[in-house]
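S.K.: Protein chains in written order, with our numbering: chain H, 1 to 579; chain A, 580 to 873; chain D, 874 to 1169.
Simulated from the structure, these hints should not be mistaken for lab results. Fair warning: this is a prediction, and the values are worked out from it, not measured in the lab. Certain hints may be false.
[Unchecked claim] Derived lysine-lysine pairs resembling BS3-like cross-links, with alpha carbons at most 25 Å apart: (1) K860(A) - K977(D); (2) K390(H) - K913(D); (3) K712(A) - K913(D).
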Amino acid sequence: MKKLVALFVTLAMLLSVAALLTGCGGETDDVEDPVETSGTNVDASGEDEIGASIDLRSTTDTSNPATDPYGKYPETVTFTTARQMDVGANFPEGMDVLNNPYIDAVYEKLNVEMDLQWQTADYSTKLDMCIVGDDLPDIFWVDNYMTYRELLDNDMIQPITDAFRSCAGEYMRDCYATYGGDIFEPYIEDGELYALPATYNGYQQCLLWIRKDWLDALGLEIPTTRDELVEVAKAFMEKDPGGNGAGNTIGIAVQSTPLGASNQNFGLDAIMASFGAYPQQWIYDENGNAVYGSITEEAKQGLAYLADLYRQGIIDPQFATRDYSDAMGLITSGRCGICFYSWNLPYSASEFLSANPTGDWVVLEAPVNDAGEFTYAALRPDNGVMCVRKGFEHPEILIKVLNVEFDMWRGIDQEGYAAVQPLIEAGTTWTAPMLTGHFNLEYNDAVVRIGELTANYIEKGITPTDTTEYNKQLCENAKRYFDDPSVADTEGWICYMSRYIASNSLKNSVEVPVAFHYATDGMGLYWATLEKLEDQYYMEVITGSASIDDFDSFVSQWKDLGGDVITDEVQDYVDSHNK
Amino acid sequence: MVGQDTPRYRAVNWILRVLLLLAALSCLLPILNTVAISFSSKRYVNDVMFWPKGFSLSAYKKILEDEQFFRSFWVSVKKVVVGTSINMCLTLLMAYPLSKSERIFPARGHYMRVIIVCMLFSGGTIPWYIVIKELGLLNSFWALVLPGAVNISNTIIMMNFFKGLPPALAESAAVDGASPLQTLVHIYIPLSTPSIATLSLFSIVGHWNDYFNGMILINDPQKIPLQTYIQSLVADISTKINSMTAEEIQAFSEISSLNFNAAKIVVAMIPVMVIYPILQKYFVTGLVMGAVKE
Amino acid sequence: MKNRKDQRYYHLMLIPGMIFLFLFSILPMFGIVIAFEDFKPAKGVFGSEWVGLQWFEYMFKLPDTGQIFCNTLIIAVAKILLNLIVPLIFAIMLSEVPGKHFRKFVQTVTYMPHFLSWVILAGILTNFLSLEGVVNSIVELFGGDPVQFLASNEWFRKILVISDTWKGFGYSSIVYLAAIMNIDQQLYEAAAIDGAGRFKRIIHVTLPGMLPIIMLMLTLSLGSVLSANFDQVFNLYSPVVYKTGDIIDTWVYRSGLLGYQYSLATAVGLLKSVVSTILIVVSYKLADKFAGYRIF
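Please take these sequences and the hints and turn them into a complete structure.
M.R.: Structure representation (structure tokens):
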């Protein structure tokens, strides 16, 4: 029931935002938070737009800075923190991690100061040292779920439920609402929220990228099924439309770890998904129980298919020794015209255009399964959390600092947005000046929202208004390339390909729910062994040195070596969190 | 010497030359590759073999603008100078008494056992970190040099070189009334220049290449040594890419551009490259050994 | 012979070094207890649960323990031997070749690869050994079939050992060169007067003169008999060559991916230390007995 309500609320949210974006104009962003005046904010509608299993409705009371999203403390409050070092952050002259517009704004608006205790490139080791030495900063980032569990089990972090309810700003609440509550579940314990998850927005599943100029040159149809894809790959290899020389064109660019997540770039998960197989994901079986995706009957079929592709030479014969940049090299140099990659391929393939000025891509939700659907396993909605040390008196500072920072960065606070312009112009890594480092707050559907903006601008000439300068710039870039591709400016091409073409090719994907994205206690002991067993068997089957006929014995071995124990643990988690 | 002019001798010399040259070439190739990449324009870095493609100095210009690079470079130089001095002083001081036989220095065996245990066993990173923290060394320059002040394998090698010197040397010095310290400084050290040069080189290289201490013990980027800085650059993009935003990916492929990194590696290699040829002049054959023997 | 005043001097000379060893090596050894605990950073070294030998049992009960230990031993022993022999031969060759400048050039150049990290070298090697790479072009030139060296269980260990030796031989030879320099010139002259040729001179003067340092280096390298160079293997291996390339350290690394396993890592470290100690003590005894030479 709860889920259903959440779904409705989310849908309503999406609709209202979409309405906003398509230019109904006029009303600004106060869609759901009417109470901005002082006094206790008892969310009148009684609806919880966030949809978590605990009550996270706003309890803002602006009479007290500790419960006011933007309240200024009468006396300066200092919090300690630590961060992963940002190398090559490109700060403009005179600015650095400790001296930039965000720091200034947080001080001016909240009267809060940051004391940065340490920065290192090896964050997790250093954090472990601090945990042993009982030397934790007040507010800190944890990207490892096991570390979070340990902090929780040993009573080293404090709940932030009240801080969130009273201080979460509008933008923050809006963002979380688009994730439908799932993002909070792993961090809720006994009715309290113990960490603030950083959003990892959706629509990152790998799509099929094919060289359109090659298809056209050979007069081929755009493929939709996997067998059609194989025919295209064969034609590319045999007829060599790229002029690489006989035998030098690679069928599909793949990297050495081809399976594991639907956003595994240069992977093969999409082909597996067309069989209904989601290796390395904890999916639901037909009875709603958690099952490990690598040991299903569908996985066996998919794996056999991949082995056949490798035997035919369609998968890059050398994929086992290709890393990410090697595979990218095949694409940018024009030796390969097919790969599976997220919508943002052009962002890391900026050299492609200069090497292939006439190169062009189609981006497809393919291959489809027998029912004609393109499916993918849901991705983990967060990529780490912020925790507050137990004993720190102002847990709300975490939330308040985020309010101020993201209002500036997203352009909600116009003045603040102007203040951060020097950083944007200098090309500073956006995480480097922020007090909260790598913590991101983004709408789950940010990619499609921007895709829609560019489509409206390019196709219908609707100028984006209610959006950030940054997004307007994206639209401009995309249109510039659309209007005259012969200029071939890289920035324009990147925005056109990814923000217009790819971002608008995400509409029909069907998300397959994933039961569990995290780690269980048992994994600490068994996982390395199980992973090795699986990786080795899968790779050997694909490359032909092991037989698919041994799949069943692989599965029983996997279960015996701890797989069953872990499956039970995952099932326990599922039972306790999806009441 | 006899027989140096026979044709056979010369033929063997030529074979040696060719073999050595081949070995040297094989070692030069990866260096050439790195240098060539560092001078190539970003567009071509994936196709560069041994000659730059689309010659460009942009990577080096970028280094000149990189303040952090120079700061870290300076920290590394300090670390090498101070660290190697401490290493070598302690190595020589310890190696001399340990090179004495148990007849002359009965307590030697006990010291040696302690040293061997220290060489073979370690408690791991965590207790090591706690001790350093309790000593108040965290985030100080000394954390980079003191934990490795004693280089045990260098000490053992030095001790063995000292053992190779005739005991008569020390005995005659003692007759002249020299203290062990004077004997070490005035007789042993001048006779051991090749080994001291070798071990200094090991120590310099060790200090220059070490990045771990800088990563764990230093909190402030202003104070990290160069290799720690470089280590943080050569991070593997494929492990991170799945959790980055599009803008981050773009920024990352900017900073992790191969030619820029290659240039950093080349610049970081120069100091240690220069040191070796300088130290080579201490590798002079034989020294005064003949003169000492009676 | 014993001189009381000298004794005091000897102790004084050793004390500064011993203080540092005490602080940074001996004191942290309390951490070895971590190997017998289920260590959790949050509970601390003395608060974590005691599990006795659980980690050692765990290590030996794994289905692929045998494979991992075999791989480690084979790779490490081959590296120890080649890392001893190749630099030794190289040093002798170098000392025999005339021409000071030529010698200096070769020395300096061969010492360079030591400064490239395995991350970088792995990239270059992968390139060289790929199907289109230099090595396979040569293979094809001689009519052979191209090989995917780094994805072949037959070749993987060989590549590891050869490339490791290649990377380090110039650097490792320095200590042997220093040893050759320390050999008494009079011995060479005496050999020359006896009419010994180059080869005989090497066998009878150079090698015996270097014997102590050779034995020392061999003994010291025995300490790494269960470490086959993590950085190298990690940057070159892939699941296809787990069978021949997975070593103890890569396995410990993978075990720690979900959350670093300090107890397991410490237990593995302790096991390595014990094995090294046994080997080193044995080789010390052997060297003492058969060569009459005390390394330590």
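S.K.: Out of the numbered hints, which ones does the structure contradict?
M.R.: Those not satisfied: there are none.
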